[in-house]
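Asker: Each chain, written out:
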Amino acid sequence: MAANPLFEQTIMALLAGDVICEYQHDSLHNYLSIPGHQQQVSSFLAQMNRVLRTTSDQSAWLCAFESTKPKEVKDSIRKRFDEVANNLEPLVAFLRLVMTSEGNQRPVTPGDRISEGALLEQISNAPSLESRLRSLTESKYFRTQKADSALQLRTVIKKLEDEGFLKRLGSSGSQFIATGRWTWLYDLMGFIQAHEGIADSGSYDDEQMRML
Amino acid sequence: MAKADDAQSALVALARHADLILDAHLNNANRIRETRENQSILESLERHRLVWRYRDDDDDSGPNLNKELVHLLAHITRAQRRRWASERIHELWSDLQELFEDYREAKRLAAYTDKDRLESSIAEHVNMLIEDIRSANEAYSSYLDGGYMYVTDLDLRIRENEKAIDRAGKLNALFDSFNINELAEQAGTDTFLRRLLLKHLPATLEEGRKNLASSISRLSVMLVRMREDQRLSRMVGGFEQQFVNNPGYVPSIADINLDNCPARINLTSEFRVASHPDVYEAADESDMVALAEVARTERDVKISDPLEAYRAEGIITNDLLSADEVDEDDPTDSLAEELILHVIDGGLGDKEIRALSVLASSGLLIDEEGWLYALEGTINALHPDDRRCLHLSYCYHPHTTYRDNIHIHDMILRQHDVSV
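In the order they appear, the protein sequences are chains G and A.
Residue 122 in my numbering sits at position 122 of the first sequence, with consecutive numbering throughout.
Residue 345 in my numbering sits at position 345 of the second sequence, with consecutive numbering throughout.
Since the hints were made in silico from the structure, they are not lab data.
Backbone N, C-alpha and C fix where the C-beta goes; we use that ideal spot for every residue, glycine too.
Honestly, I wouldn't trust all of these hints.
Chain A residues, not near chain G, derived (Cβ > 10 Å throughout) [to be verified]:
#1 S252
#2 A263
#3 G363
#4 A381
#5 H383
Pairwise CB distance ranges (calculated) [as the list claims (entries may be wrong)]:
#6 C395(A) / S43(G): 20 to 26 Å
#7 Y396(A) / S56(G): 41 to 47 Å
#8 G197(G) / E270(A): 30 to 36 Å
#9 G347(A) / G170(G): 30 to 36 Å
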């Protein structure tokens, strides 16, 4: 049977815990957009007690356990959750840093472009943002001893790139694109919010949709 | 007689509740708001079958006006709606109606000079009307094109969207105000008027309707996106508040029965797939030799990937000025920082580590003295809280001649308060 490189790469990425979206793994995302390929990948994963899942907005693919009854599976889920839960505060602080420096209220979403140079310029011009960045780099997730804002920001961006939240664009090294991992994080935050009873600010207005 | 009484009574009901009915038609999509005050009015209108509702209607937007009544209201409010949508188009249409009358009179009197003048004037007015309808449509479309990106506040952007919906409503009212029957009535059998009113004007209206439908579709997409942004923004704000109000807060799923694991927390950890070369396959031998040669070369050349070399040199392109800035990121300092953070964060557990063993396995080509100096310098620069987490001891021997002086030949690091 001939090897299928895209199938292999898709399986490897899913097993490695990657979130397959059009920004991080363009070709794999295209591959999975064909129902027949989804079926092949699902059949393979099913033999390993795993299923193919999509994020809530159906824009990205990831791997989940089919049966969560075995003890080692439960341990794995708890461990993975704890990894995110322990680092949630710095991730939320990063989102606020970007929102404040860009002067809008939109959190980072997949497909958003982040320019390290532009972000650094905004941060350098505002002591409060510098202070936010400094406290961000004091967290365990983004920890660095570097005192310079440029190096601190680079550490933060590098960490997010390593964790799959950002993808470097081109070879210039300072333009990044947000990946589907943010949606995955927001899905998880939505769960935590409901589970822990964390209130969000304000209410939603359906009036406009009705008017349309 | 009874039927005539019923009809009269229905007309009286219409007259008595005219304000409410007109408000429902103009401002509430032909639905009467169901309030306690309106209850008796609704009963009266329902009795005359002027409103209707679904039996199992759980929608609280109120009963609908009867279809025939809606047609009547559309007919009698056409001019008003046209004026509301566009004062200028309403005026042009009013002028045109006068011109139509003059034109018909000139034709009847066989006043050909006046007829020619009026034909030219009517054509000009219709062209102006068509242009105004097109430009209103184009202005609306370009208004939506930007997605109000200039408005940074999400709530203000949603209000901007509301204005856009309002403008869409006006455009819709404008197109609806030109009824094809009315236009046909105005044109009569006159060839000139028929060409203008039943060909050119309807074509423009149809084009406008199509553009408006497409704009409304874009508006819906934008609204969905804005609502999602608003939801995420509020969720992020909620978490921020939670972290501020509860320092050290970490969410937990300890209480969840994972036998029925919620989908959003069902996440697999990394599944490591290790592969080894097949050294038993004779057919692959030549390939293996080639790979071994490359591996040997790569060990000598530490950085072979041009992009990695680029990153390692610390070159950042400043995308604003399109200039390159070279940043001196010393690998010795980076290694020292990495080592210290590893120890402070408990990466060693209850173990300890020697500085020189780290240097030996790092592949860095620097002398031992320089490494120990760099490490000590980084430790001295630590924040006091971090410094307290680190236990440092020196390996030394006294100077052979000056016994009071000591020669440090290694450093041992471990996490503080952890018994060895």
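Asker: All the hints need checking, so say for each whether the structure fits it.
Answerer: Hint check:
1. S252: Answer for S252(A): violated, closest chain G Cβ roughly 7 Å.
2. A263: 7 Å, violated
3. G363: 20 Å, holds
4. A381: Given that some Cβ of chain G is not farther than 10 Å from that of A381(A), nearest at about 6 Å, it is violated.
5. H383: H383(A) is in fact no farther than 10 Å from some Cβ atom of chain G, at 8 Å.
6. C395(A) / S43(G): 20 to 26 Å: Violated, since C395(A) and S43(G) (Cβ atoms, about 58 Å apart) do not stay within the stated range.
7. Y396(A) / S56(G): 41 to 47 Å: 60 Å, violated
8. G197(G) / E270(A): 30 to 36 Å: 31 Å, holds
9. G347(A) / G170(G): 30 to 36 Å: 34 Å, holds
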